[in-house]
Amino acid sequence: MAQAGTRVTQKGGAEPDFKTSTSARHWLDRVFTGVVFAATLVGLVVLAVLLVDVFRDGLPRIDWQFITSYPSQIVPQTAGIYPALIGSLWLLGLTALFSVPLGIGAAIYLEEYAPDNWLTRVIEINISNLAGVPSIIYGLLGLGIFVSMLEPVTGGESVLSGALTLSLLILPVIIVATREALKAIPGSVREGGIALGATRWEVIRGHLLPMALPGALTGTILALSRAIGETAPLIVVGAAVYLNYAPEGPRSDYMAIPIQIFTWIEQPQDVFKTLAAAGIVVLMIVLLLSNSVAIVMRNRFQRRG
Amino acid sequence: MSGTSGEKQGERPPEGPPTLGMKVEELTAFYGSFKAITDVSMEVRANKVTALIGPSGCGKSTFIRCLNRMHEVVPGAYAEGHVRLGERDIYDKNTDPVNIRRRIGMVFQKPNPFAKSIYENVAWGARVNGYRGDMEELVERSLKQAALWEEVKDRLRTSGLGLSGGQQQRLCIARTLAVEPEVILMDEPASALDPVSTQKIEDTMDQLKESYTVVIVTHNMQQAARISDYTGFFYIQNMGDPGRLWEFDETEKMFSNPDRKETEDYVTGRFG
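Chains as they are written, first to last, in our numbering: chain A, 33 to 337; chain B, 2 to 273.
It is possible that some hints are incorrect.
To be verified - Distance condition first, Cα-Cα at most 25 Å in a straight line; then the derived DSS-like pairs of lysine-lysine:
1. K111(B) to K254(B)
2. K215(A) to K117(B)
3. K94(B) to K117(B)
4. K154(B) to K111(B)
5. K117(B) to K36(B)
6. K215(A) to K94(B)
Keep in mind the hints are simulated off the structure, nothing from the lab.
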């Protein structure tokens with residue numbers, strides 16, 4: 033009956049064009065809220081169970097003695113995590129030192145300087161793909177390059193080789209996160225700076241970097257957290273299973289907490305299981321501490337706006 | 002540093018030598034292979050306001066961006082022809098565009114203050130250009146010239162993004178003035194603003210032409226008639242053609258008795 037041209041005149045008539053009852057739609061809204069809440073809950077519950085279980089086993093074992101002692105197969109009662117803890121801190125520090133400037137630098141080049149041609153597009157696709165390469169492959173790469181080829185520089189199976197390998201592993205993640213942060217800055221900011229007679233670098237230094245840093249740091253925090261928990265590539269590049277000393281320099285041998293945990297779990301006796309749980313707690317505390325430092329830094333940059 | 006040659010450099014006292022005008026000769030601008038405007042020649046008189054009007058998409062913004070080499074900032078964009086500031090061709094290959102952009106400032110359509118304090122917004126451009134005078138004095142003077150000082154003098158350290166749209170635009174004018182340019186280009190500076198803010202910006206412009214040469218793109222015919230001394234009408238006759246400067250004359254003549262029919266149709270509001 034109603035033709036397209038006459039519909040307008042029927043507005044508010046006996047047959048409204050819209051369904052007046054919204055109860056079904058509200059019901060659907062509530063159902064969906066429940067579904068997404070349940071999805072969140074799954075992750076939360078798993079994490080909580082994991083934390084409770086590990087903390088119940090491990091927390092009683094953690095004391096100053098555990099933190100400052102060397103591991104021991106013979107007297108597990110007095111064993112500690114000292115060399116692995118210091119080794120992981122070395123890895124964390126060196127990895128951040130290499131990967132953050134390189135990653136942010138590469139992102140700035142690709143986003144702000146590189147011409148838009150097939151070569152840069154190939155590079156972009158490759159970087160995204162590199163983020164998905166299994167970490168053991170990076171271990172093999174590190175073994176080939178840093179441990180063997182560059183032995184005179186790195187000292188072979190050193191904490192430096194380990195950190196360089198982990199840096200390669202997380203570089204793509206940092207680059208992608210920083211590029212996204214730069215991409216989110218409107219072009220009008222760049223134009224505003226350039227129109228004042230600033231060079232590109234001055235605009236990057238003065239405006240783009242401060243604006244992109246919070247986003248870049250978020251990516252970096254996630255990437256470094258991943259690096260500090262990595263085991264596979266470190267096994268390949270020769271992290272030690274047992275040392276009775278902590279690394280004293282970048283070319284020193286080293287242990288790492290994940291590998292220490294793995295070694296303890298392999299032992300049949302229960303006392304080692306407790307040690308492993310305590311090791312996991314220490315690893316998580318290191319993670320939380322380093323993350324909070326990074327988050328404080330990020331917030332400081334954000335506030336400076 | 003100060004003016005030994007005919008052209009002025011560095012610090013420019015408010016009552017310095019006469020401001021420079023600009024001369025455009027056969028300017029053609031491209032985006033990649035697309036020709037946006039062609040064969041534009043005009044003279045931008047010193048210490049006058051020159052308005053550029055015309056329908057959307059006819060190349061006014063492209064043209065004004067060519068005047069301080071902002072056009073080429075867009076990837077693939079370039080321009081041919083000559084644009085002179087005083088005697089100097091800003092498209093000469095020995096001319097540094099960074100230097101040109103300080104001397105020929107630009108205010109954009111949408112206010113784009115930096116995510117910094119009001120003070121830093123004004124001081125930043127001057128600082129990167131190596132300003133050696135008293136920065137606080139410069140910031141105050143620039144904000145006063147942009148008619149913003151009274152509204153912000155008690156909160157210079159708060160973010161420029163916290164200002165209203167009209168205040169943000171005047172902040173952008175202030176930061177442009179702070180690098181002491183000779184010419185100020187404005188690309189529809191009031192199109193995103195309410196009438197009160199527009200009024201304030203127009204008042205500002207009236208004062209600016211005493212010390213600067215001003216070029217303004219506007220969609221608002223009344224605005225062009227009110228504030229400008231000269232008017233250029235850009236027009237595209239056939240779809241797909243590049244934009245041309247259809248007519249250029251004193252504003253009074255352009256709005257009362259233009260030579261070309263299209264100009265008359267446009268300024269009387271028959272199209273556009």
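Distance restraint between K215(A) and K94(B), which requires alpha-carbon spacing of 25 Å or less: Violated: K215(A) and K94(B) sit about 31 Å apart, past 25 Å.
Given hint K36(B) paired with K117(B) - CA-CA distance at most 25 Å: violated, 38 Å
Holds or violated: K94(B) to K117(B), with C-alpha atoms at most 25 Å apart: Between K94(B) and K117(B) the Cα gap is close to 35 Å, so the pair fails against 25 Å, i.e. violated.
25 Å limit on alpha-carbon distance, applied to hinted pair K215(A) and K117(B): Holds: K215(A) and K117(B) sit about 19 Å apart, inside 25 Å.
25 Å Cα cutoff - pair K111(B), K254(B): It is violated: about 31 Å lies between the C-alpha atoms, which goes past 25 Å.
Straight-line alpha-carbon gap K154(B) to K111(B), limit 25 Å: holds, 23 Å
When held up to the earlier numbered hints, the structure conflicts with 1, 3, 5, 6 and fits the remainder.
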